[in-house]
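Q: Line order of the protein sequences matches chains W and C. Per the numbering used here: the first sequence = residues 156 to 421. Per the numbering used here: the second sequence = residues 156 to 421.
One or more hints might be untrue.
Each pair may be met inside one copy or between any two copies, as identical chains are not told apart.
As the list claims (entries may be wrong) - The calculated lysine-lysine pairs, modelled on BS3-like cross-linking and capped at a C-alpha distance of 27 Å, are:
#1 K385 x K319
#2 K319 x K206
#3 K269 x K199
#4 K253 x K225
#5 K240 x K206
#6 K385 x K240
#7 K269 x K240
#8 K308 x K206
#9 K260 x K225
#10 K236 x K253
#11 K370 x K260
#12 K199 x K240
#13 K199 x K236
#14 K236 x K206
#15 K240 x K304
#16 K206 x K269
#17 K304 x K253
#18 K370 x K304
These aren't lab readings, by the way, just hints derived from the structure by calculation.
There are 2 protein chains.
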Amino acid sequence: MAFLRFFLLFSLLSLAFSYETLNSHHLPRPLILEYQENIENQFKEFDEELKLQCTSWRFAVEANNLSPWKTIPQECADYVKDYIKGRAYTIDIQRVSKEAGVYAKSVELSGDGKDVWVFDVDETLLSNLPYYAEHGYGLEVFDPVEFDKWVEKAMAPAIEPSLKLYEEVLGSGFKVFLLTGRSERQREITVGNLNNAGFQNWDKLILRAAEDHGKLATIYKSEKRNEMVKEGYRILGNSGDQWSDLLGSSTANRSFKLPNPMYYIP
Amino acid sequence: MAFLRFFLLFSLLSLAFSYETLNSHHLPRPLILEYQENIENQFKEFDEELKLQCTSWRFAVEANNLSPWKTIPQECADYVKDYIKGRAYTIDIQRVSKEAGVYAKSVELSGDGKDVWVFDVDETLLSNLPYYAEHGYGLEVFDPVEFDKWVEKAMAPAIEPSLKLYEEVLGSGFKVFLLTGRSERQREITVGNLNNAGFQNWDKLILRAAEDHGKLATIYKSEKRNEMVKEGYRILGNSGDQWSDLLGSSTANRSFKLPNPMYYIP
């Protein structure tokens, strides 16, 4: 990362100097080369510009404006790492859980046991940050074999504000359905991990069956929500870190998008 | 705004000092009051914290995580103003238009004249920033009478990256439908304003008819898109600054959310 940073700064400076070289035959030449006055300022300006660009990229991710992307932009590697490890990510997940909690409390439930809140699992209830910390926070192309090894460890910690919301939602009388892109083969390990992280008493845990493999997440999750609606359930809330958790058919009355600038699932 | 900033800083400092007073009876008292060492740092930290919180609020807006809101948070007034007037807003609208343009070029059109791109008008094609600059960039509660006076002037400038996208989309052979929450009574003035700002040759301009007044924007816009689909059109792209431009029924294959932290239309 440090090397990359240096390389980018160096490129920018090369550009600035080469521009001067290109124009140096112009007359009259300025007697004072103002830009050399304060190289520190140039570094600062470059850092500011990079931050602006990467923040803009993150907004585009969260507003679902980007086409499927495989890795984070290389120049934003430090930015994403700082975002995730710093307070910003924590503040963002706290806010989304708080907003969802306010909504959950405002809903009048029918009392017939058909009011549902759907939760995704990875990066929604469970955090895979220990894995992504070892894989560049989204800078490396996703490796399903390596990731499955991590899943098998069942060591993913809870996303604490989501656990709080989860308990509030259960306490309010919602049925809680977990809808995950994980495979049916990973049911036992997933149940174990969820329990260890503090999640209990859900009503359904839906994983990809054999016939669901190869389906886009948007399709698979829409189909599963369609089934819920056919069975008479009302999907009042839905929490997920991917737009493919939230969009499609049989969408919830209110959807809550948790931040995730590390990876994209179509 | 400057007053508000001062007031907030003052409150924070009062809090810090009152905390010390509350604890001053504790023994042993520290001999060195470390936090007084550098008041400038406290100001800086407070500014950083406010920026983090307001950025998080803006993300929640753009990811559609908030309930209907009437004004921006008072403590984020300077933040929103700086965002809009600085480079960040420009970078964001450039990015969303660029992404939309890439998608538009990637789509193979059928050639039967039924492929449609839908554009919203206010804060999507036309910018009302001259109006909002006079009204606190979203800090004041929306005043429809005052806003209509501004609309009647027909002086809203083009959002330049949107004009570029508009021309690309038309050039690619899309039918272009403009779908706005403005009233049918404002048709003439809207056509004039759009033309003056450089927008020409759209295929339909749909405004709220008498029966549409009082409908939520999400409902009104969904109904209009349903009609398009019934007429055999395929809505391949949709650009809007509000989620109510993009969600509901008959949604587009790809939707593009322009940034707008100033107001919310349900």
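Q: Hints first: check each against the structure and report whether it holds.
A: Now for the hints, and whether the structure bears them out:
In this homomeric assembly, K385 and K319 never come within 27 Å of each other (Cα to Cα): the closest approach is 30 Å inside a single copy and 45 Å across copies. Proximity of K319 and K206 under a CA criterion of 27 Å is satisfied inter-copy only: 26 Å between copies versus 32 Å inside one chain copy. For the identical chains of this complex, K269 and K199 are neighbours neither inside a copy (56 Å) nor across copies (50 Å), given an alpha-carbon limit of 27 Å. In this homomeric assembly, K253 and K225 come within 27 Å of each other (Cα to Cα) only across copies, at 19 Å, whereas the closest approach inside a single copy is 30 Å.
Taking CA atoms no more than 27 Å apart as the test, K240 paired with K206 passes in both settings, with 16 Å inside one copy and 17 Å between copies. Taking the shortest Cα distances, K385 and K240 never come within 27 Å of each other, neither inside one copy (42 Å) nor across copies (49 Å). Taking identical chains as interchangeable, the C-alpha atoms of K269 and K240 are never at most 27 Å apart, the minima being 39 Å within one chain and 48 Å between chains. Proximity of K308 to K206 under the C-alpha cut-off of 27 Å is found in neither arrangement, the shortest distances being 35 Å within a copy and 38 Å between copies.
When the C-alpha separation of K260 and K225 is checked against a cutoff of 27 Å, the pair qualifies only between copies, where the shortest distance is 21 Å, while the shortest distance within a copy is 37 Å. Taking identical chains as interchangeable, the C-alpha atoms of K236 and K253 lie at most 27 Å apart whether they share a chain (24 Å) or sit on different chains (26 Å). For the identical chains of this complex, K370 and K260 are inter-copy neighbours only, at 26 Å across copies versus 34 Å inside a copy, given an alpha-carbon limit of 27 Å. When the C-alpha separation of K199 and K240 is checked against a cutoff of 27 Å, the pair qualifies both within a copy, at 22 Å, and between copies, at 20 Å.
Taking the closest pair of Cα atoms, K199 and K236 come within 27 Å of each other both inside a single copy (19 Å) and across two copies (22 Å). In this assembly of identical chains, the alpha carbons of K236 and K206 lie at most 27 Å apart whether taken from the same copy (12 Å) or from different copies (18 Å). Proximity of K240 and K304 under a CA criterion of 27 Å is satisfied intra-copy only: 23 Å inside one chain copy versus 48 Å between copies. Taking the closest pair of Cα atoms, K206 and K269 never come within 27 Å of each other, the shortest separation being 46 Å inside a single copy and 41 Å across copies.
Taking the shortest Cα distances, K304 and K253 never come within 27 Å of each other, neither inside one copy (33 Å) nor across copies (38 Å). Taking identical chains as interchangeable, the C-alpha atoms of K370 and K304 lie at most 27 Å apart only when both belong to the same chain, with a minimum of 22 Å there against 52 Å between chains.
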